[in-house]
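Asks: Residue numbers (the numbering used here), protein chains in the order written: chain A, 126 to 312; chain B, 4 to 260.
Honestly, the hints are just simulated from the structure, not real lab data. Beta carbons are placed, not taken as given, at the ideal position from N, Cα and C, and that holds for glycine. Wrong hints could be hidden among the right ones.
Residues from chain B that face chain A, not an exhaustive set, calculated with beta carbons under 7 Å [as the list claims (entries may be wrong)]:
| # | residue |
| --- | --- |
| 1 | Lys49 |
| 2 | Leu87 |
| 3 | His94 |
| 4 | Glu97 |
| 5 | Glu99 |
| 6 | Thr108 |
| 7 | Ser138 |
| 8 | Thr163 |
| 9 | His247 |
Label pairs and their computed distance ranges (CB to CB) [what the hints assert, rightly or not]:
| # | chain 1 | residue 1 | chain 2 | residue 2 | range |
| --- | --- | --- | --- | --- | --- |
| 10 | A | Trp206 | B | Arg159 | 17 to 23 Å |
| 11 | B | Thr38 | A | Arg310 | 36 to 42 Å |
| 12 | A | Gly173 | B | Arg18 | 40 to 46 Å |
| 13 | A | Pro249 | B | Gln197 | 30 to 36 Å |
| 14 | B | Thr56 | A | Glu160 | 57 to 63 Å |
| 15 | B | Gly177 | A | Arg161 | 29 to 35 Å |
| 16 | A | Thr152 | B | Lys167 | 42 to 48 Å |
| 17 | A | Glu183 | B | Gln226 | 32 to 38 Å |
| 18 | B | Glu216 | A | Arg238 | 47 to 53 Å |
| 19 | B | Gly177 | A | Thr155 | 37 to 43 Å |
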Amino acid sequence: MAARGAARGQLIAVDGGGAGLIAAARTLTTALRKEREGSGVSAWDSSGIFTELTAVEEIPGPSARTLTLLYAADLAFRLRWQIRPALDAGLSVVAAPYVETAKALAIGAGLPRKWVQEVFRFAPKPDSCYHVVNRGPRGNAAKVDYVDCFVNAMASGDQAIDAGQLRKQSVAYLTALEKNGRCRRFK
Amino acid sequence: MGERDLQRWRELLKRREASRGLLVAFEGPDGSGKTTQRKLFKQWLKSEGVPVTTTKWNSSPLIKPLVKVRKQVRALSPEEFCFLHAADFRHRIETEVLPALLQGTSVVADRYLFTALARDAARGLPFDWLLNVYSPILWPDVVFYFAVSPDTSGMRIAATREPKYYEAGQDITGLDDAHASYKQFITRVIREYQGLALVFRFVTIDAERSINEQHREIREHYQQLQRRPWLDWNVETIADWLAHSATWRLEARRGVS
Chain A
126 MAARGAARGQ LIAVDGGGAG LIAAARTLTT ALRKEREGSG VSAWDSSGIF TELTAVEEIP
186 GPSARTLTLL YAADLAFRLR WQIRPALDAG LSVVAAPYVE TAKALAIGAG LPRKWVQEVF
246 RFAPKPDSCY HVVNRGPRGN AAKVDYVDCF VNAMASGDQA IDAGQLRKQS VAYLTALEKN
306 GRCRRFK
Chain B
4 MGERDLQRWR ELLKRREASR GLLVAFEGPD GSGKTTQRKL FKQWLKSEGV PVTTTKWNSS
64 PLIKPLVKVR KQVRALSPEE FCFLHAADFR HRIETEVLPA LLQGTSVVAD RYLFTALARD
124 AARGLPFDWL LNVYSPILWP DVVFYFAVSP DTSGMRIAAT REPKYYEAGQ DITGLDDAHA
184 SYKQFITRVI REYQGLALVF RFVTIDAERS INEQHREIRE HYQQLQRRPW LDWNVETIAD
244 WLAHSATWRL EARRGVS
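Bound-form chain A, shown alone (with noise of 0.2 Å):
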């Protein structure tokens, strides 16, 4: 519930991907949590959802699309249960990955930019945004995030894509909109 008079926090988003996301997410966290006690992180993957999506040799793997509708699946659960009732408490959120990570990805991977975008119309803007430039694979396969998932579901299954091309493409596109003024890189 939100508290009576408490001003809206605020949503700060972190896109990118690797060890440097959490990083990141971290930083943010540390500093926001000087102004008010009680920020946090929201991150990828809260709702389980991916944890679940066992792998089954004999069921053929997600597609591109459906990998996008699965995070689009897993950040509706957590604007529902960690963003919206934090930020109406007053409360500041990091969501680390936020929009422009699954965004990225799927059009990377060669789907429609106007289908994506549409897909994504139902995440409120956040106040601010950042990109963490993802510096690769990351070793321990425990700690596997949204990037590595989403690039190894394209390279085993029957899509034909260039798993090195897509992170080049990916890149591109949260570099893009670095210089479009729409996020920010994160030092």
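Position chain B against the provided structure of chain A, taking the given hints into account.
Replies: The following block gives chain B in isolation, referenced to the frame of chain A:
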């Protein structure tokens, strides 16, 4: 997608048109008897020597377990509900429906896209946004809509069981009484279906009549069905899928060379 690629997919579809299976969708509210009719229809197609398979709503082996758990704990918002069903639908279209149709097997869908449009719109989600979420859309060759009143639907369900939480729309109505909620929710769903039936030219079956009468009418419609070439109305959807499939990309190249 480049023009050359598109040309390849067009040629592949042209080659497959005569032998492709037909996609037949059975739609209607709960308790309208569509599953009974779907089974009778499938049995009849088989007896006519038509290779046929069924795809059921929310049945993708990859996604169904995710939805089941979330329904049990009643944790779904309308958007999450929509996205999970859309993912399930997309996965079945790409891995079951399209491969079957291209290989010459007809597909009978026990609920199709219109179930999602009717239910999600009844949950207050914008129609244009829903159509986009489900795009690109593979339009069926024919949609049979089993029309019943909200009262009939409610009575048929109540005769056998209590409606489940989401089936009754209790997430939207906020009512504790599942039957009362169901009546309110199904009235909205049926209103959406009626609009869809007009816009998308469903074949409406009066599902308050006897099982045999309905089955005869379905057979008659099916026998008179004019096959419309995919190239005229479904090419974008199929090309989108083919373009992302390594298997079919090879198939198209073989056809061209």
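Asks: Does each hint hold? Answer for all of them.
Replies: Against the structure, the hints:
Look at B:Lys49: its Cβ only gets to about 25 Å from chain A, farther than 7 Å, so that hint breaks. Contact between B:Leu87 and chain A, as hinted, is supported at the beta carbon level, the nearest pair being about 5 Å apart and thus within 7 Å. The interface hint given for B:His94 is met, as the beta carbon of that residue sits about 5 Å from the closest beta carbon of chain A, less than 7 Å. Using the Cβ-Cβ criterion of 7 Å, the hint placing B:Glu97 at the interface with chain A is satisfied: the shortest such distance is roughly 5 Å.
Against a cut-off of 7 Å between C-beta atoms, the interface hint on B:Glu99 is violated, since the closest Cβ of chain A lies about 9 Å away. The criterion of a C-beta within 7 Å of any C-beta in chain A is not met by B:Thr108, whose closest approach is roughly 17 Å, and the hint is violated. At a threshold of 7 Å, the smallest CB-CB gap from B:Ser138 to chain A is about 6 Å, leaving the interface hint in force. A distance limit of 7 Å between C-beta atoms decides the matter here; for B:Thr163 the minimum to chain A is near 31 Å, and the interface restraint is violated.
Restraint check, B:His247 versus chain A: the minimum CB separation of about 6 Å is within 7 Å; hint holds. Taking 17 to 23 Å as the suggested C-beta distance range, the pair A:Trp206 and B:Arg159 does not conform, at roughly 35 Å. Our hint of 36 to 42 Å for B:Thr38 and A:Arg310 is violated, since their Cβ atoms are close to 55 Å apart. Between A:Gly173 and B:Arg18 the beta carbons are some 44 Å apart, a value that agrees with the proposed interval 40 to 46 Å.
Distance hint for A:Pro249 and B:Gln197: a CB-CB separation of about 33 Å, consistent with the stated range 30 to 36 Å. Distance hint check for B:Thr56 and A:Glu160: the Cβ-Cβ separation is about 59 Å, which falls inside the suggested range of 57 to 63 Å. Checking the proposed 29 to 35 Å range against B:Gly177 and A:Arg161 shows it holds: the Cβ atoms sit about 32 Å from each other. Taken as a hint, the range 42 to 48 Å holds for the pair A:Thr152 and B:Lys167, whose Cβ atoms sit roughly 45 Å apart.
Between A:Glu183 and B:Gln226 the beta carbon distance is about 37 Å. The supplied range of 32 to 38 Å therefore holds. Between B:Glu216 and A:Arg238, the C-beta spacing of about 50 Å keeps the proposed range 47 to 53 Å intact. Distance hint check for B:Gly177 and A:Thr155: the Cβ-Cβ separation is about 40 Å, which falls inside the suggested range of 37 to 43 Å.
The structure fails to meet hints 1, 5, 6, 8, 10 and 11 from the earlier list, while all remaining hints are met.
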